[in-house]
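Produce the complete structure using the sequences and hints provided.
Number of protein chains: 4
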Amino acid sequence: MELKLGAGLWVFGNTMDRFCTKGYKEPIGVMEMLELAGKVKGLKGIEVHQSDFEEVKVEDFRKKVADLGLSVAVVNVNLWGTSKWKYGAFTQRDPKLRKEAIDEAKKAVDYARQLGAPSAGLWLGADGFDYPFQVDYITHWNLLVDGIREVAEYATPDIKVGIEYKLKEPRTHMSISDAGKALAIALALDMDNVGVVIDFGHALMSGENPADSVAFLNRYGKLFNVHFNDAYGLWDDDMIVGTIHLWETIEFLLYCKLTNYQGWFTLDMFPYREDAVEAAEMALRNIEAMWELANQIDLEELRKAQESMDAIESQKVIRKLIFK
Amino acid sequence: MELKLGAGLWVFGNTMDRFCTKGYKEPIGVMEMLELAGKVKGLKGIEVHQSDFEEVKVEDFRKKVADLGLSVAVVNVNLWGTSKWKYGAFTQRDPKLRKEAIDEAKKAVDYARQLGAPSAGLWLGADGFDYPFQVDYITHWNLLVDGIREVAEYATPDIKVGIEYKLKEPRTHMSISDAGKALAIALALDMDNVGVVIDFGHALMSGENPADSVAFLNRYGKLFNVHFNDAYGLWDDDMIVGTIHLWETIEFLLYCKLTNYQGWFTLDMFPYREDAVEAAEMALRNIEAMWELANQIDLEELRKAQESMDAIESQKVIRKLIFK
Amino acid sequence: MELKLGAGLWVFGNTMDRFCTKGYKEPIGVMEMLELAGKVKGLKGIEVHQSDFEEVKVEDFRKKVADLGLSVAVVNVNLWGTSKWKYGAFTQRDPKLRKEAIDEAKKAVDYARQLGAPSAGLWLGADGFDYPFQVDYITHWNLLVDGIREVAEYATPDIKVGIEYKLKEPRTHMSISDAGKALAIALALDMDNVGVVIDFGHALMSGENPADSVAFLNRYGKLFNVHFNDAYGLWDDDMIVGTIHLWETIEFLLYCKLTNYQGWFTLDMFPYREDAVEAAEMALRNIEAMWELANQIDLEELRKAQESMDAIESQKVIRKLIFK
Amino acid sequence: MELKLGAGLWVFGNTMDRFCTKGYKEPIGVMEMLELAGKVKGLKGIEVHQSDFEEVKVEDFRKKVADLGLSVAVVNVNLWGTSKWKYGAFTQRDPKLRKEAIDEAKKAVDYARQLGAPSAGLWLGADGFDYPFQVDYITHWNLLVDGIREVAEYATPDIKVGIEYKLKEPRTHMSISDAGKALAIALALDMDNVGVVIDFGHALMSGENPADSVAFLNRYGKLFNVHFNDAYGLWDDDMIVGTIHLWETIEFLLYCKLTNYQGWFTLDMFPYREDAVEAAEMALRNIEAMWELANQIDLEELRKAQESMDAIESQKVIRKLIFK
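Residue numbers (the working numbering), protein chains in the order written: chain A, 222 to 545; chain B, 222 to 545; chain C, 222 to 545; chain D, 222 to 545.
Hints are not guaranteed to be accurate.
[Claimed, not checked] Straight line, CA to CA, 25 Å or less: simulated DMTMM-like cross-link-like pairs of lysine to aspartate or glutamate:
| id | chain 1 | residue 1 | chain 2 | residue 2 |
| --- | --- | --- | --- | --- |
| 1 | B | LYS537 | C | GLU513 |
| 2 | B | LYS246 | D | GLU276 |
| 3 | B | LYS243 | D | ASP411 |
| 4 | C | LYS443 | D | ASP411 |
| 5 | B | LYS478 | B | ASP413 |
| 6 | D | LYS243 | B | ASP496 |
| 7 | C | LYS541 | B | ASP413 |
| 8 | C | LYS246 | C | GLU390 |
| 9 | D | LYS243 | A | ASP531 |
| 10 | C | LYS243 | A | ASP457 |
[To be verified] Residues of chain B clear of chain D, computed beta-carbon distances all greater than 10 Å:
| id | residue |
| --- | --- |
| 11 | LYS225 |
| 12 | LYS320 |
| 13 | PRO353 |
| 14 | LYS478 |
Since the hints were made in silico from the structure, they are not lab data.
Computed from a prediction, not measured in an experiment: that's the story for all the values here.
The beta-carbon is built from N, C-alpha and C at its ideal position, and this holds for glycine as well.
Here it is, written out as structure tokens:
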């Protein structure tokens with residue numbers, strides 16, 4: 222199994238937060254971000270958003286991607302980047318706005334087809350709520366699931382639709398908040414092209430052990446894609462892979478291997494104060510190094526240890542990777 | 222809709238933690254706990270564990286329950302109360318132990334039938350892990366789901382099996398950790414008698430808004446039962462209902478009403494240092510008072526506010542309940 | 222005791238997050254924000270930042286404040302609003318930048334004097350770190366505490382310097398992270414004009430019970446100011462006061478009263494998607510209503526209950542406020 | 222600098238939680254625990270509780286400790302192990318109980334003198350609260366601080382008193398909840414023999430980076446002792462050192478070295494389901510290995526990187542330890 226290493230185009234853009242409103246860097250255009258991505262050694266794929274093509278032509282972008290020797294892994298749906306979606310997208314109670322939201326998602330599917338990307342990514346960052354009583358959950362879930370179904374039907378049969386879950390931010394609560402909810406929706410929709418995207422830091426924020434979520438989603442054939450980063454666990458810090466959760470990241474890679482995951486490992490980092498190309502390169506080198514460590518594990522020995530269910534036994538196998 | 226108010230029998234027993242190993246109270250027997258339950262005004266149902274009947278005869282218990290004017294709401298499965306299950310129950314890698322675990326769960330179904338309880342409760346507190354790499358998640362999930370299926374088949378058609386999710390404690394990670402995972406398992410099993418139990422504090426610990434989980438589970442017809450308590454949100458504090466999350470509890474009750482929930486509201490509190498009967502009575506009175514508040518909400522007004530999706534609008538409706 | 226109700230000027234400005242980079246509202250100027258503040262019924266004071274006076278003249282601002290019948294409660298130090306401070310302010314390892322940071326803080330003191338504000342506020346949002354090993358903590362703390370001392374000396378004797386603690390955001394770790402650290406620094410500096418600012422949501426994020434922090438800080442005479450809002454507890458949600466932690470907010474107000482707190486209650490909310498004037502008015506009305514509830518508590522009864530140390534007893538006193 | 226490696230005697234005892242009330246192991250006596258401690262290779266010191274000497278004679282214990290080639294590092298105060306202290310110890314509102322609590326703490330000082338231990342440890346697990354409004358914080362803090370002062374005076378001049386902070390468990394809130402509060406109390410008491418104990422997992426639970434807390438406490442000469450373990454961060458999991466927070470543990474050891482920490486590194490683990498001797502040995506070997514890694518760091522290079530304040534620079538230095 223070969224590591225397919227990608228990065229979100231946004232990794233290379235300006236970074237800001239609500240305090241530093243003009244950003245820690247300079248604003249740059251989509252093509253410039255792509256050029257920066259092209260500088261990252263070992264990078265093979267990129268993820269984009271449908272909204273990138275409000276700025277550049279799909280065909281120009283496609284050519285440039287090819288020139289750089291990259292491919293487009295996923296076209297994501299941006300339905301949170303303007304105030305228009307402040308109250309929701311697929312869950313909009315205003316039918317006109319809701320239709321526009323779904324149309325934007327269909328555009329992502331169109332662009333995926335045009336760019337040769339196998340997947341569209343649905344991270345529905347606006348679809349949730351901030352306060353108790355703010356939304357009617359019954360109507361809300363109906364609108365949300367119906368919207369996903371409509372996009373997934375549009376994407377049938379050739380484009381996969383990956384639902385990316387996240388507990389919170391930018392809303393205090395996002396509706397599709399964890400691996401279980403995303404999977405339940407996918408199972409109930411019962412469509413071959415609907416699955417789930419794990420973001421490493423989102424999984425941590427939802428209290429999951431990412432390796433376990435890999436196994437759980439794969440059990441139902443529904444792990445479609447991976448967004449890779451690291452975080453302290455209570456917020457989506459979007460940090461450089463491997464800098465915090467070393468053991469859990471090695472375990473995550475191991476279970477991607479054991480479940481024969483064939484998708485991308487796409488950096489979804491937000492290097493607020495760091496040089497993006499350097500951060501991305503460090504992340505890729507860290508992934509490669511941890512992949513190497515995961516491959517050093519004596520699987521027969523580990524399986525025997527796991528059969529005992531005694532943590533001491535499995536730790537004896539694992540600690541050797543680092544504690545010489 | 223009438224509130225069916227219950228309590229776990231364990232609410233009335235000795236309480237301990239790992240520091241106060243003999244307990245904050247005195248050890249008492251199952252029949253004594255039942256008598257204490259009988260003293261709680263307004264209590265109509267109780268929940269028990271199959272392990273209670275290692276101590277008392279089912280028939281004796283049944284009679285006493287009837288004498289007290291109560292009924293048995295749920296027979297839960299205790300597969301965590303002795304060191305035997307320290308490494309797991311349904312997920313045991315030792316086939317003999319695993320069979321014993323499943324047999325215990327079947328006993329709960331048997332007792333449910335004998336006691337006239339509609340449900341068996343599966344809170345699988347030992348089925349998880351403590352350390353990274355400790356269990357093989359792939360095998361683990363297979364064993365776990367197969368075990369649930371076997372018990373559910375045994376319970377078909379007359380006894381419901383409610384899966385109760387919890388993020389952690391007593392393991393650092395329990396496998397069925399949130400509403401989504403529990404629902405995904407129930408959907409994949411696709412059996413009419415398999416559903417989900419919400420524990421208010423567990424929902425909080427998993428980052429959920431309990432009212433939202435009610436709506437999500439009900440959407441798929443899978444909300445079977447409620448365990449009621451309160452907590453600060455990061456741990457299963459098992460506190461008196463209504464003492465911390467007032468707004469969220471009112472909202473929870475409202476959505477139980479709006480989804481036409483027909484099950485029990487069973488106290489699952491752990492009054493470490495408090496008198497159990499007093500704590501239970503206060504909890505029931507709090508529930509009744511919050512139910513009254515939930516019923517005071519002008520639903521038409523709320524729905525209109527929710528349609529606007531503006532939190533100010535829904536808050537205007539809700540704050541009147543308390544801020545006169 | 223009269224409630225001195227204020228609001229941060231920033232409550233009325235544009236709101237954004239890292240996803241909605243142009244903001245949920247329109248950018249407006251300092252004077253426009255002030256005008257909006259002037260529309261909030263019951264508002265008596267405002268807080269500003271030294272950086273506001275890069276845009277408007279202090280004298281013009283002072284007049285307008287007076288015209289609106291308001292007063293300036295605090296001039297805060299903004300040392301996080303531009304990329305210049307991305308790595309730190311008082312903890313800058315570049316001596317030139319560090320001097321500039323301290324000069325900015327001194328400007329806040331100057332403006333406080335010119336505007337008749339009794340306090341300067343030090344929320345040092347850039348002084349922390351994001352990654353392990355990123356800063357040398359030994360040097361870091363020296364620079365941080367020396368910087369505070371220098372500003373406090375400049376502010377002596379007439380201007381109070383309030384240290385506002387916060388656990389995280391915009392850094393993954395901010396150095397002055399909780400009430401204890403802020404107090405320890407204040408005690409070690411041993412200057413009359415150095416104290417602590419509690420932000421309700423920051424206290425929650427640090428795992429504190431805000432009322433307890435009031436008592437703890439007041440014990441050492443070091444509670445200088447209050448920033449008021451609400452939050453779910455794991456992040457600085459900056460929500461409308463009273464919408465989540467009802468009981469804790471009433472308790473907070475009670476302990477402000479019992480400790481004879483004489484300072485301001487200043488709204489530090491961030492109404493991302495809400496109308497700011499409406500949000501501020503709702504917050505003030507909620508505070509007034511909760512203040513009324515706090516005053517309804519029979520203190521003799523509560524003190525007796527607290528002497529028993531039994532939670533049931535104190536809950537019996539408190540629940541009557543709401544559960545009629 | 223040599224690593225002084227110790228273990229709490231309790232590491233070797235029976236382990237239980239509120240669900241498995243008889244424990245995961247067998248109950249054993251104090252002398253048996255000591256014998257188990259004696260089997261751990263590389264162990265040099267132990268920590269005990271004053272309550273251990275309700276079971277064994279101090280003189281017998283002292284001899285046995287010497288025979289095993291160990292020494293007693295700390296005598297801790299157990300004021301949480303029986304229901305007597307359920308509502309508090311130093312903060313008891315019942316003067317008789319409070320006096321008993323303080324007398325128990327003085328016994329710990331006496332035993333420290335008899336056993337040649339330099340320190341008494343004050344982890345005041347009962348002194349906090351569970352519910353809002355349960356205690357009067359003003360009285361509470363007075364009692365708490367006065368109690369510490371009284372014990373510290375009794376311990377003057379030869380026995381150090383180390384205040385160990387913890388956010389929660391067994392109370393939902395413990396009063397001395399973080400490094401800052403503990404330090405503030407120590408600074409205000411202004412006694413040479415009063416300082417602070419860091420427990421690695423407690424620091425994580427309070428949102429601290431443990432290395433930073435080492436530097437902060439040392440800045441004021443107040444880091445007295447270390448309790449070592451690991452945890453996922455939201456609860457006191459008391460796991461084997463080095464199994465979760467690898468990077469942070471290396472950094473913690475580095476800052477103990479850089480601040481010239483002279484105290485013990487005492488295991489405070491709770492191997493619920495694991496063999497205690499094996500768990501302790503693994504922890505010590507992990508500490509030694511991470512100590513070795515910390516010593517491999519090129520300090521000049523790290524300092525230069527830290528001076529840049531750019532996380533990429535420090536990560537370049539650090540990642541080499543593991544990512545070859």
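Going through the hints against the structure:
no. : hint                  : verdict
1   : B:LYS537 <-> C:GLU513 : holds (19 Å)
2   : B:LYS246 <-> D:GLU276 : holds (22 Å)
3   : B:LYS243 <-> D:ASP411 : violated (38 Å)
4   : C:LYS443 <-> D:ASP411 : holds (17 Å)
5   : B:LYS478 <-> B:ASP413 : holds (22 Å)
6   : D:LYS243 <-> B:ASP496 : holds (23 Å)
7   : C:LYS541 <-> B:ASP413 : violated (43 Å)
8   : C:LYS246 <-> C:GLU390 : holds (22 Å)
9   : D:LYS243 <-> A:ASP531 : holds (20 Å)
10  : C:LYS243 <-> A:ASP457 : holds (21 Å)
11  : LYS225                : holds (26 Å)
12  : LYS320                : holds (21 Å)
13  : PRO353                : violated (7 Å)
14  : LYS478                : holds (27 Å)
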